[in-house]
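Enquirer: Chains as they are written, first to last, in our numbering: chain A, 146 to 435; chain B, 728 to 1023.
Every clue listed holds true.
Sample of chain A residues facing chain B (criterion: CB under 8 Å; computed from the structure):
(1) Ala210
(2) Lys306
(3) Ser316
Hints were generated in silico from the structure; no laboratory data involved. Nothing here was measured: the structure is a model prediction, and the numbers come from that model. Cβ atoms here follow ideal geometry from the backbone N, Cα and C, with glycine treated the same way.
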Amino acid sequence: MGKIIVTALMAAMAFSMPASARDMVQVKGSDTLINLVQRMSEVYMEENPGKYVSVTGGGSGTGIAAIINGRCDIANASRLIKSKEVDLAVAQGVDPRMVTIAIDGLSIIVNRSNPVEKLTMDQVGKIYRGEVTNWKDLGGEDRKINLYGRQPNSGTYDFMKEVVMNGDYASSMKQMNGNAQIVEAVKVDVSGIGYVGVGYVKDAGPEITVLKIARTAGGYFASPLVTEDVKSGKYPISRPLVQYVSGTPKGDIRSFIEFELSPEGQKIVEEEGFFSLSAEYVEYNNKQML
Amino acid sequence: MADKKGDIKELLVKGFFTLNGIAVVLVLVGIFTLLVITAVPAFKEISMKEFLFSPDWNPTGYDGEKYGIVSLLVSTALVTVGALVIAVPIGIGAAAYLSDIAGERVREIAKPIVEILAGIPSVVLGFLGIVLIGPVIAKLFGLPNGLNALNGSVLLAIMALPTIISISEDALNSVPMSFQQASLALGATKWQTIALVKIPAALSGILASCMLGMGRAIGETMTVLMATGCAAAMPHGLLDSVRTMTATIAIELGEVAYGSTHYYALFAVGLVLFLITFIVNMLSDMVLRKYQNVER
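Just chain A, with the same shape it has in the complex:
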């Protein structure tokens, strides 16, 4: 008899699981944002017992597809939503709203033993388009350049292509499954180059160099590690890291986003190596949250 009750209880618990899953705020998307948002969700849940936030990755494209198909509540993205995706969302009855939660200085990294320390935007584009293939043309040693990049479901992959390269990636680029994998690959590859969110280079250790980047050949070489360079816009490849929700955020979703934008949330942004929001972004966010 006791056994039956226990079994029944377990069955009841199993069936009640979906109910609690419904109360959980589901966040999905960008691999660049995953560590940061996960950290925020941990602190948020600690401070708000009874509230649950689950954060998963998959890439910006995957996150945006999920919000369109109603499979998540918040989509993390390191790129802006495309007009094609907006059309799809509208067709599904989803009204995508964007809030910016942090600023990223997209970092171009090379192995520490590579003497190259700075590049222009034009050079980075040429490298990834496959037009420059040897480090000696960039002031380095006579070595073939080994390209590391992300997979097409990544927002960073799109961002590089649209903003930095204005062209296609060289087909010899290795497509890695996340920021961390690129960092690990460049650490051991003396001829490698990679691009990752700045949050991934903060603790990467001494095996890599984060390159200084200038807009033009004669311009100022800015570093994504210098807060002033990124916040003033001198660093040419900084970008907003955003979240998409459907319609005006309400309830638990709103309360989590408000936490992310609060001074406490923004402190976590800085701790994770990214940059907190400037006044313009705060103002824009306030409009979206109405």
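Using the hints provided, position chain B relative to the given structure of chain A.
Expert: Just chain B now, with coordinates in the frame of chain A:
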């Protein structure tokens, strides 16, 4: 009365099993139909010629979408052949050892271990490829990194081994004892008996095991996605990065818009993959059947 009841029961049981048998066939037919229906619209915008003969696969290209599967096919073939070159000799060797040389106690321990090998999740193997096999390959061949076809081949060989070993061993065991006794009686050594009598006699079974192992390797996704570098360029050898058909589908299907050409094209790739594994499995089934007929 009792007989009639028994008849009905018999009928019901018979119907039940027939239904199950048919269900499996229906599932296969259903999957095939679905693949064809979802793949065909791709060819409204992509020419068959481009799809089958162009080496460029870049559906999100900056200037124009490109849907050519040749480099994906070559990648899959390269990794699979590499895996078989590694797994077949080891697999047959291990099978011969287990069936003829190993003592009862060793066999009792070794056989479950081979089966456990089959149960290792592919993600775990992919991880091993990144942290262990990759660096070893890089060092051995003096490469900047070890994310290439060879890495994938080694991992797929590990995955194909259990299939090859256990089916080959069954084949070797089903060689009639009289063959072995005759060979030994004629003065052949144990090695000669295994290599020249037992393995040739079990050849069709061994062949079938290799083809099943091959089917396993062709369809594997996660491991190759993690360990082969996934560069879309046409590979020139085992030390180049490759991007297999399975990895391409896995990477791109997550973010593709439903109903777009890209979406249909991925199903077309899936259809090609399905046809390849279907043919490989069918051939191995035919070979296997032949060997069973010979034995009886």
